[in-house]
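Heads up: the sequence lines are chains A and B, in that order. Taking my numbering, I'd label the letters of the first sequence as residues 1307 to 1426. Taking my numbering, I'd label the letters of the second sequence as residues 749 to 928.
Keep in mind that the hints were calculated from the coordinates and are not lab data. Be aware that a few hints might be false.
[To be verified] Derived, one-sided and incomplete: chain A residues facing chain B with beta-carbon distance under 7 Å: (1) Asp1322; (2) Ile1324; (3) Ile1326; (4) Phe1329; (5) Phe1330; (6) Gln1333; (7) Lys1334; (8) Gln1335; (9) Ile1337; (10) Asp1339; (11) Leu1350; (12) Tyr1419; (13) Ser1420; (14) Leu1421.
Built from N, CA and C at the ideal position, the CB exists for glycine as well.
Residue-level listing of the chains:
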Amino acid sequence: MVMKDEFINNSMTDKDDILINKFFAEQKQIINDDGFSRRVMRKLPSKISCYSRIWSTVCLLAALLLFVTCHGFKLIINCLDVILRTTPTHSIFDCSPLAIAIAIVTLGGVGIYSLVMAER
Amino acid sequence: MNKINDISLVAQVSVFHNKRAFDTLVKKYQEPVRRFFMNQTLGDSQLSDDLAQDTFIKVYINIASFHGMAGFSTWLYRIAYNVFYDYTRSKRLTDDVDSSVAVSVKSSGNDSSGMRMDIYHALQHLKPDERTCITLQLMEGETINHIAAITGISQNTVKSHLMRGKEKLASYLKQNGYER
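In isolation and in its complexed conformation, chain A is listed as follows:
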């Protein structure tokens, strides 16, 4: 009798499981994106710009400190004076190839970095 009851209970449970599984399979909603991911991306905090802003501020302060301690104004005035006096006697071809190569690599690097950041 107990065995029979257990059998009935099990078969009831199996039936219930089938019923529930079928119900959930039929009811599973398909949710289209409909601009949801775009809205999420727009709301993301700009973590990177926050860090870079802090880093930029630190660098700027350090640069100002160096500028003041090394008498930057005096150095700039001296440099300008030398440039103005010697420019008429120089051309770009007088620069060393190493200096030109360094300038090209630096400008290229900055350009590529800007492109990569803009892409992100």
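Place chain B on chain A using the hints.
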């Protein structure tokens, strides 16, 4: 393969702050996460979208804390579960302050078909934890281990929630003529 792909995308977001990789993750998981919230809120699509948005923002902010011990989807559902838990707790507090607040209207939006209302009516008969366990297993196909990891409750309790939830659902379905 799928898991490796997720980990690779997570690494790109975590190390290089690659937003395009995060966009891929959002597109991939928006459906299960929004469906999870739709089932928990009994069909409130606006609230579900807001909670899903909060979930993805939290994922982005805390992505460095994902160590790949569990699958990404389990970790994502865990955050979603916590977001919903925080929401219900704050709502309970607000309702305590203003007891005249009406019971939330289940906006059907564009999900107003009879079939969808049926599932929300059926889920209404379950307790919140039973609803979470049932929908994670029967809708999202999560295992008992994963459900325990997502909800932070023991496997035995998950099993008993599933059992009780299924009993209630079976009786609801039979009463409403689904047996035929």
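Checklist entry - Looking back at the numbered hints, which does the structure fail to meet, lowest number first? => result Hint check: 2, 12, 13 and 14 fail, others pass.
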